[in-house]
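Construct the complete structure from the given sequences, taking the supplied hints into account.
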Amino acid sequence: MPVVDVDPDALRRFTGHDEKDDAELKEDLFGLGLEFEGETEDGEFQLEFAPDRLDRLSVEGVARSLRYQYGDDRGVYVPNTNDPDWTIEVDPSVPDERPFVTGAVIRDVNLDEAALDSLIQLQEKLHATMGRKRVKGAIGIHDLTMLKGRLASEEAGNSIQYVGVEPDEDRFVPLDSDRELTPGEVLTEHQTGKEYADIVADYERYPAIYDDIGLFSFPPVINGRRTEVDTDSRDLFVEMTGTDQWTIDKMLNIVCYALDARGATVEEVTVDYPDDPVYADESVERVDPGVDVVRPDLSTSEKHVTHDRIEGLLGVNFDPDEVVDLLERAGLDAATEETDDGALGYRVAVPPYRVDVLHPLDIVDDVGRAYGFNELDPQYPEVGTVGGRHDRSTLEDAVREQLVGLGFTDLLNFHMTNEAENYERMRVNPDEDDCLGAGEPVTITEPYSEDYTMVRTWALPSLAMVLENNTHRSYPQDIAEVGFAAEYDASEDSYVAERQTVAGALARHDASYEDAKAVLQSLARDFDVELETPRTEHPSFIDGRTASVVMDGEAVGVVGELHPAVLVEHDLELPVVAFEFGLEALK
Amino acid sequence: MQLPGTQVSVLEAASATDARSVTALADELGAKPETVVGAVFELENRCLLTVEERTEKRVALTDEGETYVESGLPEVRLYRAAVEAGATDDAISMGQAIGASGLEGDAVDIALANYARKGYGSIESGELTADPDADPDADGEATVLTALADGPVDAEDIEESVLDQLVSRDLVTVSESTERLVTLTDEGVTALMEGVEESETVGQLTPELLTSGDWQDVEFTEYNVEADAETRYGGKKHILRQTADRVKDVLVGMGFQEMEGPHADAEFWINDCLFMPQDHPARTHWDQFALDVPPMQDLPAELVDRVEDAHRNGVGEDGDGYHSPWTEEVARGVDLRGHTTSLSMRYLSGLAEGELEPPQRYFSVEKVYRNDTLDATHLLEFFQIEGWVMAEDLSVRDLMGTFTEFYEQFGITDLQFKPHYNPYTEPSFELFGEHPETGEIVEIGNSGIFREEVLRPLGVDCDVMAWGLALERLLMLTHGFEDIRDVHGTLVDLDFLRTEEVVH
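Here the protein sequences come in this chain order: A and B. Mind the numbering: the first sequence is residues 1 to 587 in the numbering used here, read in order. Mind the numbering: the second sequence is residues 1 to 504 in the numbering used here, read in order.
One thing to keep in mind: the hints can contain errors.
Heads up, incomplete: computed chain B residues facing chain A, CB under 8 Å, no partners named [what the hints assert, rightly or not]:
| id | residue |
| --- | --- |
| 1 | V8 |
| 2 | V22 |
| 3 | K237 |
| 4 | V293 |
| 5 | V389 |
| 6 | L497 |
Far from chain B, some chain A residues (derived; all Cβ distances over 12 Å) [stated by the list, open to error]:
| id | residue |
| --- | --- |
| 7 | L25 |
| 8 | E39 |
| 9 | R74 |
| 10 | L116 |
| 11 | D117 |
| 12 | E185 |
| 13 | K250 |
| 14 | R262 |
| 15 | V305 |
| 16 | R329 |
| 17 | Y380 |
| 18 | N429 |
| 19 | E432 |
| 20 | Y448 |
| 21 | K517 |
| 22 | D543 |
To be clear, the hints were calculated from the coordinates, so they are not data collected in a lab. Note that this is a predicted model, so its numbers are computed, not measured. C-beta atoms are modelled at their ideal positions from N, C-alpha and C, and glycine is treated no differently.
This is the structure:
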């Protein structure tokens, strides 16, 4: 979940509530769903919250939500914007994997250290969340005075160009560097470049932004040094590129709202797309070709929700006025309306920084939060149903009960393991052997740890590991597990054959084959199946003391004395007899 | 006749003519009185003895009585001093007499109170006379006290009026005790004449002893019944299984049916049906285990279309979709399930058990897999308790009521519902409750009402509320475990499993 660092003094200033002490602030923030996780070295609150309200990724957004909560603000607020002077021209050479761009000009911003830090944090947090680590959307913020626009057309003002370049076609000085590099060199030589190289690894051409002087930004990787923003910057150019127009537009809205809250003026930017754009992902939402797009798009969206749905879902009766009041306190605009079938409903306007409102249900949730969910009285639903267990789990339980009755300590082992434990240490060779446990493994695509690379094909290796880890404990150790195993099987829908398995091991100074067979006989009797144990061979067991477990005529497992090599491999200094068979056989 | 040793000794010590007390027999045999009593009753059962109970009143000195044995009764001392001072002839002053007697404090009052009563003389207007005929050596009370100095005496041996006086003066106490007196019967005498032998003591009760009836004549060797026995470990269900059983019992009792389904499943069931956008951060391999197998072959085509449409365009007239890529290829990828909500999806879609009509309640307590860092509170595999309720009209209050009821069964009360965000539920709540031991407020689950973007593609037209919770978390809360790795997996300590208190 996202964590945002917020200076409590800034929060007091932005909310206009100097009288709130830290404790009160924390409580109010918790009410919003922002949990206090701790403090930074500078005394900033570290606030954790669920990733729905990404408009709260900076102090300005958190303060806005608090003002609604306090009742200081009501309804939707939309900042004023000035008409566009700048244009972003999108060149047909732009990589078709990253065809979208958006932007805004910010005038008269007062960037002290704290404001600059807050802006950088907002940028980083948006990258991490909506931007999907810059893959889906990446933000570049530039000092406008360092840009030299080309004359876009006779009537319009300045323009910059979003283009695609060959990896080593051009050079620029990236941030945190003092020499010119090509985009290709940035990816191999620059720290930030290496970090984000994966995103553009498959691109034929790299995204680049030019002004009249030349290349000044290499999104989504790094900006050029020439346009670097510092505390002296007064006017900013914000550009965002990405794989989806809606996403970068919403990210832009959140940034514009934050800077507006700091007293800056937002100036629109025209985005001029080519007449026939090419998209790598054909399913992506298109922009209208040939139409100039003006950004930021601060229009509200509209949702319709019925009074019945609100009352039904929250289980509370409301006056319509009360609902409108709650919606306004949630920062929405609302008016009552009559639905097509004559019912009472609400037309709700949603501000342009909200990214989480997809469905009228999300509006109901806002009403609930404004009302206070903890104000609701729990009630047990008057719904009659009959409970019951699944056959498989009752069978598992019954077998487990019998094994416990026979004196076994019931185990619960991980289903994930690795090839060494599952095969090698048990002397099983999956490529050559055809025995229990030698099934083809279901492996994990990108294992995190070398201990867990596959799903176990049988349970006995887990039991052997438990014995290995408990050689300092008293004997006899009679252990058993009714558990899960799986192997690759092309005849299955999922290519994975899953099974429940019953495994047991008796580690005793005088353990012999008979001890294990006695357990099987007991189980066979308890579950009314016919048991035969014809001689077989299995690499984990001693030849001549190994049998196939045949229940009601079907070979379902193996029983025998574990091979000395397996015992020694597991540091065991006494005989172990063991068995494993499919649970289904006892059905 | 063969008898156990103690019974033989008692029989031989008893007499047919002289009733002997158990105390006396015990003294004589050097045995504990309770052992002799046991033998006496055994012998009575065999009709070799009769037992008569007699209640005896025993008189004994109190501490005060004991002091007078040595110093003499106060009134006697006063009389002797008065005689010495010549009070047999003329009255002397009381002060003179007391001074001469050496009496002090309470003893003065005691002497004066008993002096005239016992005829030692008269006390009048501060003057005291002594009766020359009085004989302090014949003082009845003093005599009895002296007699008691050697030990308690039967109350019958003391004159009643004297005893009453001594009792009222708190110089003696009377206690009742029951004494058993035994006398040999004729059979007893006959048995002795025919010869009684001591039977052997027996260490182990054997089948032979039982069948032959010899058990009646033997004595069993006494054991040290307080000593520790050898440690014994029976079979035992795994502590986590026990907890799972309990959860299942509670849920079945609340009307929930158990679900089951595949561990390895298509992402479609694990994530797409749950309205998790395909570029959701939790869908990267850092969070879930993708399996190296070909894509899932069979997915219901129409359902896939409806789910894709929900992702792209949303559900309902003014619903919006995600602005995220969606491909069937990703949906068909097979993973180890990251939650058992995949089972809920299979059931709600009708695929598992056919179309479901409300109302329904379903649950599972099954394993899930998360690519997390293994630490004290996180495992790569754990058990998830998953439950849902389907009904025509459900409200947030119904959700709260259901969970309040469930958690109360585990001693967790005062639930708090913190509004939360999940892609698949709205409203959503994190559940917090008070730790039954520490009183801390801790997170105990995640819940919500399934979004219409989840339900409508599945063909469900009513409301469904759901919740999830790690079973290990519940166990840690109710048992106070600190490190979950001690409990679950191959690193488990067998002694921990053997000795941990059972769940009930």
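How the hints compare with the structure:
1. At a threshold of 8 Å, the smallest CB-CB gap from V8 of chain B to chain A is about 46 Å, leaving the interface hint violated.
2. A cut of 8 Å between beta carbons decides the hint on V22 of chain B: the least distance to chain A is about 50 Å, and the hint is violated.
3. Interface restraint check for K237 of chain B: the shortest CB-CB distance to chain A comes to about 5 Å, inside 8 Å, so the restraint holds.
4. Restraint check, V293 of chain B versus chain A: the minimum CB separation of about 4 Å is within 8 Å; hint holds.
5. Among the interface hints, the one on V389 of chain B holds; its C-beta lies about 7 Å from the nearest C-beta in chain A, closer than the 8 Å criterion.
6. A hinted interface residue such as L497 of chain B counts as satisfied when its beta carbon comes closer than 8 Å to some beta carbon of chain A; here the least separation is about 5 Å, so the hint holds.
7. Once the 12 Å rule is applied to beta carbons, L25 of chain A is consistent with being away from chain B; the minimum gap is 18 Å.
8. Distance to chain B confirms E39 of chain A as a non-interface residue, since its nearest Cβ pair spans about 20 Å, more than 12 Å.
9. Listed as a non-interface residue, R74 of chain A keeps its Cβ farther than 12 Å from every Cβ of chain B; the least gap is roughly 20 Å.
10. The claim that L116 of chain A lies off the interface holds: its Cβ sits roughly 27 Å from the closest Cβ of chain B, which is beyond the 12 Å cut-off.
11. The Cβ of D117 of chain A lies farther than 12 Å from every Cβ of chain B, with a closest approach of about 25 Å, so its non-interface assignment holds.
12. Non-interface status of E185 of chain A relative to chain B is upheld: no Cβ of that chain comes within 12 Å, the nearest being about 29 Å off.
13. Some Cβ of chain B comes within 12 Å of the Cβ of K250 of chain A; the nearest lies about 8 Å off, and the non-interface call is violated.
14. For R262 of chain A, the condition that its CB be more than 12 Å from all CB atoms of chain B holds, with the nearest at approximately 27 Å.
15. Some Cβ of chain B comes within 12 Å of the Cβ of V305 of chain A; the nearest lies about 9 Å off, and the non-interface call is violated.
16. With a closest Cβ-Cβ approach of about 15 Å to chain B, R329 of chain A is found to remain outside the 12 Å limit, as its non-interface label requires.
17. A Cβ of chain B approaches the Cβ of Y380 of chain A within 12 Å, the least distance being about 4 Å, so the stated non-interface status is violated.
18. Its beta-carbon lying about 20 Å from the closest one in chain B, N429 of chain A satisfies the requirement of being farther than 12 Å from that chain.
19. For E432 of chain A, the non-interface assignment is confirmed: its Cβ lies about 21 Å from the closest Cβ of chain B, beyond the 12 Å cut-off.
20. A cut-off of 12 Å between C-beta atoms contradicts the statement that Y448 of chain A is not in contact with chain B; the least separation is 5 Å.
21. Every CB of chain B lies more than 12 Å from the CB of K517 of chain A, the least distance being 18 Å, so the non-interface label holds.
22. No beta-carbon of chain B is positioned within 12 Å of the beta-carbon of D543 of chain A; the least distance is around 28 Å.
When each numbered hint is compared with the structure, violations occur for hints 1, 2, 13, 15, 17, 20.
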